[in-house]
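Chains as they are written, first to last, in this note's numbering: chain D, 1157 to 1290; chain W, 58 to 416.
Be careful, since some hints might not be right.
Think about it this way: if two alpha-carbon atoms lie no more than 30 angstroms apart in a straight line, the pair counts; the simulated DSS-like pairs of lysine-lysine are [claimed, not checked]: (1) K1166/D / K346/W; (2) K167/W / K211/W; (3) K163/W / K1170/D.
Incomplete in silico selection of chain D near chain W, CB under 7 angstroms [stated by the list, open to error]: (4) L1160; (5) N1171; (6) E1201; (7) P1219; (8) C1259; (9) D1260.
Computed footprint of chain W on chain D; a stretch qualifies when at least three of its residues, placed anywhere within it, have a C-beta under 8 angstroms from a C-beta of chain W [unchecked claim]: (10) 1185-1196; (11) 1252-1258.
The hints are simulated quantities; they were obtained by calculation from the structure and are not laboratory data.
Every residue, glycine too, gets a C-beta built ideally from N, C-alpha and C.
Next come the chains, spelled out residue by residue.
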Amino acid sequence: MKFLLEYLQKIQNKNGFISESDILEASKQFQLSPAEIFETISSYEKFNLWTTSEKVIKICDSPICHSKGGENLIKLAEKLLNTKIGTYNKKFIIESCQCLGECDKGPVMTINDELFTNLNEEKLKQIFKDQKLI
Amino acid sequence: MQIKRKTNFENFKVAKKLSPEALIKKVEKSGLMGRGGANFPTGLKWKMSRPAKYLICNADESEPGRFKDKFVLDNNPEIVIEGINIAMYALSTKQCFFYLREEFKKYKEKLEKIIKEKSKYKITIVIGAGSYICGEETAILNSIEGKRAETRHKPPYPSERGLYDEKTCVNNIETLARIPLIFEDDFDNELTLFSVSGDVQSPGVYEERQGITLKYLAEKVGAIDPYAIFFGASGGCIPFQQDLILSYKEMEKTGNFFQTGIMFFNNEKSVPDICRSIIQFFNEENCGKCLPCREGNFRLLQLFQVILKRKWTKEEFQIIQDLIDFVPNGSQCGLGKSSTIALKSAIKYFKNEFDKLIE
Ligand code: SF4
Ligand code: FES
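Just chain D, same shape as in the assembly:
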């Protein structure tokens, strides 16, 4: 059995995004139209259609993290990195995300696949320093 999601994940993990030629190749392999492959890609958060930043910072803004200051952390991150949420640059991008299933350790964020828990302003600054973001 061949799984389209798994196939796309491999490309996504390797290249950071799925290109037009990847879509055409997938369409051949799975005997689906390119439009159908695109339909799938566009419906999942983890797939990108273009290259993304080296470091993707996702800060949880679901209820628990939100109520424990998640939203302020997003604002602080914007200030520290002198950018706006969702604005791409080669080095980093800040995004808000939905519950990561770590609510007992909220507020939480991820940088690429690494999880950071029990955040506060000080901790966020330190992590950004450690990650050589500031």
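Knowing the structure of chain D, use the given hints to seat chain W with the ligands on it.
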């Protein structure tokens, strides 16, 4: 905790001494209810699905405030694999898909090792790609088939026509973890994993009987000045009430849905602000298929962003109230239907907080 009990697959051996029919009867008699949230009797689901071509173990947990699937994966993945083996025998199934949310991909290796060493059946790990809706029992089918993360119309239910159009049984991971326990003398079908978070001293996962009071839970977790309780994002909210009984039946009386993700908020927190975060959640996570759910939640979010700058006009607040009914009435699946429950109950029980936000 029963769910942490170590297993040697002894209960699978005992189960196999029964015929599949007798085994399903035993599960029915045990009274075990599905732990995914819908509270459907597991034995009945098995009876309806049998003979199932596929079994799906659903570990796509992404409901805010719920993190018990991860707890099972951390603490006792063996018992899940044993439960899957028992289920596959009962359902006469040859293939199981174990669906993990993307954030859980780190468990893949550990699970595959247990499967290789212990499982008598074929279990394939499938990893999601970031979509809350895939936890719904028909969207998960689409996702495994490589299609868009959208729900399917029901009926047909997966038990009739599911994965690749074949009879399929979809069970939550906690449900499957409890299957081997049915064979133990002290099995208790009320035992449930509660995920507790928010303003409490000891957030985490607790195994408790359904039917405990909120007071009992609040004391146990060290709730700090409890004021508002939200049951996940989709269960609704109530003011903290000591004597509230945590069970499906009792909660229905309050107009809320029982959810085992229990979020405590103290009186420094603003209920409308929590609602804004919930609306944002549904706005991002709906699959976009039904207009009322897609556009309604978007409009609600816009209206909730207004209060960051100024108060609502009376008309704006009226639109919010209209949308609270419009969205669920025109929505196909559980996500849309439950997306305004929290807001509706919040306005009902915390009216004074909302009144302050209207001109
Ligand atoms: S109700 Fe919402 S999530 Fe459900 S099918 Fe419709 S648009 Fe999708
Ligand atoms: S609310 Fe942030 S991890 Fe659940």
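Status of each hint after checking the structure:
{"no.": "1", "hint": "K1166/D / K346/W", "in the structure": "holds (28 angstroms)"}
{"no.": "2", "hint": "K167/W / K211/W", "in the structure": "violated (35 angstroms)"}
{"no.": "3", "hint": "K163/W / K1170/D", "in the structure": "holds (17 angstroms)"}
{"no.": "4", "hint": "L1160", "in the structure": "holds (3 angstroms)"}
{"no.": "5", "hint": "N1171", "in the structure": "violated (15 angstroms)"}
{"no.": "6", "hint": "E1201", "in the structure": "holds (3 angstroms)"}
{"no.": "7", "hint": "P1219", "in the structure": "holds (5 angstroms)"}
{"no.": "8", "hint": "C1259", "in the structure": "holds (4 angstroms)"}
{"no.": "9", "hint": "D1260", "in the structure": "holds (4 angstroms)"}
{"no.": "10", "hint": "1185-1196", "in the structure": "holds (count 3)"}
{"no.": "11", "hint": "1252-1258", "in the structure": "holds (count 5)"}
In this structure, the earlier hints numbered 2, 5 are contradicted, and the remaining ones agree with it.
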